[in-house]
Every structure is written in structure tokens, then in C-alpha cells.
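So the sequence lines, in the order shown, correspond to chains A and B. Note that my numbering gives residue 17 to position 17 of the first sequence, counting from 1, and the numbers run on in steps of one. Note that my numbering gives residue 120 to position 120 of the second sequence, counting from 1, and the numbers run on in steps of one.
Just so you know, the hints here were simulated from the structure itself, not pulled from any lab data. Where is the CB? At the ideal position from N, CA and C, for every residue including glycine. Mixed in with the good hints, there may be bad ones.
What the hints assert, rightly or not - Pulled from the structure, derived: some chain A residues nowhere near chain B, Cβ distances all over 12 angstroms:
#1 ASP26
#2 PRO30
#3 VAL78
#4 ALA81
Unchecked claim - Straight line, CA to CA, 25 angstroms or less: simulated DSS-like cross-link-like pairs of lysine-lysine:
#5 LYS53/B <-> LYS117/B
#6 LYS13/A <-> LYS53/B
#7 LYS13/A <-> LYS117/B
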Amino acid sequence: MSATVTAQQVQEKVFSSLVEFGADPDAVTPEAGWGALDVDSLDLVELAQVVEEEFGVEITSQDMQNLPTVGSVIELVVARAS
Amino acid sequence: MTRAVAITGVGAVTPLGVGARALHERWTAGRSGIEDGLGRCDEFDPAELLSAKEARRADRCTQLALAAAAEALADAGWDGAGPHDPDRVGTVVGTGIGGIATLVANQDVLRERGAGKVSPLGIPLMMANAPAGAVAMRFGLRGPSFGTVSACAAGAHAIGTALRMVQSGEADAVVCGGSEAALVELSRASFAAMDATSPTGISRPFDARRDGFVMGEGAGMLVLEHADRARERGARVLGELVGYAATSDAHHLTAPHPEGEGAARAIELALRDAGLEAGDVDYVNAHGTSTPLNDRAETAALKRALGLRASEVPVSSAKSAIGHLLGAAGAVEAVATVLALRDRVAPPTLNYAEPDEGLDLDYVTDGARPLHVDGRAPVAISDSFGFGGHNAVLVLRGMAA
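Modelling step: build the complete structure from the supplied sequences, incorporating the hints.
Structure below.
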């Protein structure tokens, strides 16, 4: 599984999840922070559930506290998946 | 000491459509919102009011409450900020069961996929106070906010509690009502198991053939304002909430007291709270569930509380047109009563054909009927009774012509 996970795949999944949570699609970029997207801790728990389901990567709420942007989550998922 | 409180706005989402006027006009016209034995709010589209984020952060019972509250506040002429100090505006919203659809969905996830997959939104969506919290948050109402929980009396308890908040000076205004969205398999099966719901799927309150209630969903909300505050801002006043009382049967888990003792006391005390007498009552908006036990006990209670007046006053049940909205019922029916008094009309009890022995009140069975009050301000009582023996009665008054 790990060999097949690309940054592109992770980004697509993370972006689509954030839009599903209610974020403005035009505002969802790797650089965007959670406040700008109106994403709160409840959304981040859901996001962690999604990436675990999809890529088998566990991200704890402690991890999330050190991940201030969309891109930082994508990087962590890709790193842990490979 | 009783101080009347102004009703300046009403809102409702019911099986008869979106809007308090849809409820009032369609019920008065004799239309039913019940299809296939259920009262669904098919016309309700949460996307008309809520963003995608708001909608997925609200169980259907909260979505319905938000829609009804938005309508009620707009009806009251409140702009974005509202006319009062928001710290002095309360929110009281009753529900019978709360977010039960969220609960069962998360139970399925737990069983099928494990604890780690349960949604972090599970608790905040299912909690029974969620409708009250969401209404307060959306409209920036920062006074006391909470839910009331008393099964099918919850909506009436919410409104009565709101009345007391205004009368006591705790709040200048309160957005109050009830909401329910419990048409899920679990609650349907559970009500059916106790023979509470109609196996034929027909709501015919007070009729000899009645065989249980028809489940419905929806929400009703009212804006109550201190009469002086409402006058100061030049508000249009739809009617007044003039009395309230609540009692308990202390009799049985689900069955009402057979002679309606607790219900009768609630009616008597509510009239006394309003400073009125049985002879002042022009219309009774009955709880009228279409269950064998309720309709008999409620008829007995009305006779006990109103005496001879019980046989003179029109008595009708909205549940014949929309089904039983459980924790929303008392609120939706209060909304319907406000508009019925405004228009001087007693809406009909639908589907009635066969009289039952001892159930011999004027149930308004041949279509809506005008209330002739000779320019007086008409008075109505609205009954609500809940499993657990909870009785809550509101006394409402229309404006003088």
C-alpha cells in the first residue's frame, strides 16, 4: 500500500474532504490555514479518520496541533505512508 | 400576579409545508400532510437556509428548529441584530428525543466499523439541547438557553418556561418552541411495539375507530416579548400568551390518568394563571392524539375543568392533519392556535365520522368554523400531555378587533 501513495492522491482526498466539511473550494490550497477555511478541531478529527481509512495512516489529535496548514497534513500523511 | 406577554412572531415547518401560514391555511382548509401513515416534512430543504457546513453540523431536528426560528424572528420584524440587548434574549426549545437519526447512524458505524470511526459530531448532533444551542448561536441570543424534555409536552413546557422568563424579568424576549425529527425505524418500531401508533396509519382523533397516533416531524417557534418592550419598538403583536400551568399525573409510565385528573388540574391552573374562567374560553386546541386512551382522558379532563362550558366550546386537533409531532407538537399547535385566534376560526378535526360513547364534545368535524366573539379578544387553551404523566397547558389570547 505504502508504495502507491502519492502526494497527488493525498492532496485530492484532503481537499475533497475539506470541501465536504463546508470549506470554500477556492480557498482550499496547501498553504491555507485552518482558521481561514473555518475548519475546527471537530473537522480535524474527521479529517484524521478519513486519511486513516484511505491511506492507513494514523494521525492523532496531538499531531494535528502541530499541523497548521493543509499542506502540512498532506506532507505528514505522505511521509508516514511511505 | 400575571403579566401578559406579547407573541410577535411565529414560525413552523410541518407536514403541511414550510411556514406557519402554510400550516394554518392548509389545516383550516381541511388538507392533510399525512402520507402513507407518516407526517413527513417533504417540502423542507435545509439548503435554503443553511450552508453545507451548518447543515452537516445539525441533526434534522436542529435543522427544522433553525428554519422555524428564522421564520419566527423575521415575522417579528427583527433584523440581524434584533431590537433588544442580546444578553436579555433567551432561547428555550423542547424536543422529545433529540437527534435520534444521528444516534442510530453512529451506532451502526460503531458496530460495523469500530469505535475509532464514530463521528466527533455524534454527541453534539444527538444531544437533546442541540436545537436550543443552535438557535441561540445562529441568531446571537445570549440570554438563558436550554432544552425542555417531557416527551410530547416538551414544546408546551418550553413556551411556558419562556413565559415565566419574561414575566420574572429574566429576559426581555425569548425565542421558544419545539422540534422533532424521529421518523427513524427504531422509534417507529418502538412506538408500534407499545401499540401507541396507528396500525392503519390514519389519524382520527376522538373518532370511535381511532387506533393510535400517526408519527410526524417538524418544528414550531414563537417570539415572546415583554409587552412593554414590544410596544416601545412598535411591534406588530399577533396575540398574547396569558397563562400557563404544568402538572403531573404521577400515575403510570405511559397511560394518562383515566379521568384526566392531572390534565384537568393543568387546565384549571392555567386559566387561573391567566385570571380567566372556563366561560372565557372560546376554542380548545386539543392534544387529541387519536389514541384510545388520550382522547378519552382528555375529553374527561375538559369536562372536569371547564364544566358546562366544555360542551359549548369548539375542540379540534391539529394531529388529524399533521400527525403527532411529539416534542414539537405543543409548539406547532401553539403557533396554529395563535393564527386561528387572529383569524377568528376553529380549524377542523379531520377524518372524524363515528362518535364514541362518552366522547361527546364539539370536535369541529365538518370543516373549519368561524369563532363569533363580538369584537372581544378571543381566548384559547392549548393542551399538551407527555408519556411520563407530564401535562402542560397554555392559554392564548388574540387581539381585540
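> Of the hints given before, which are not true for this structure?
Replying inline: none
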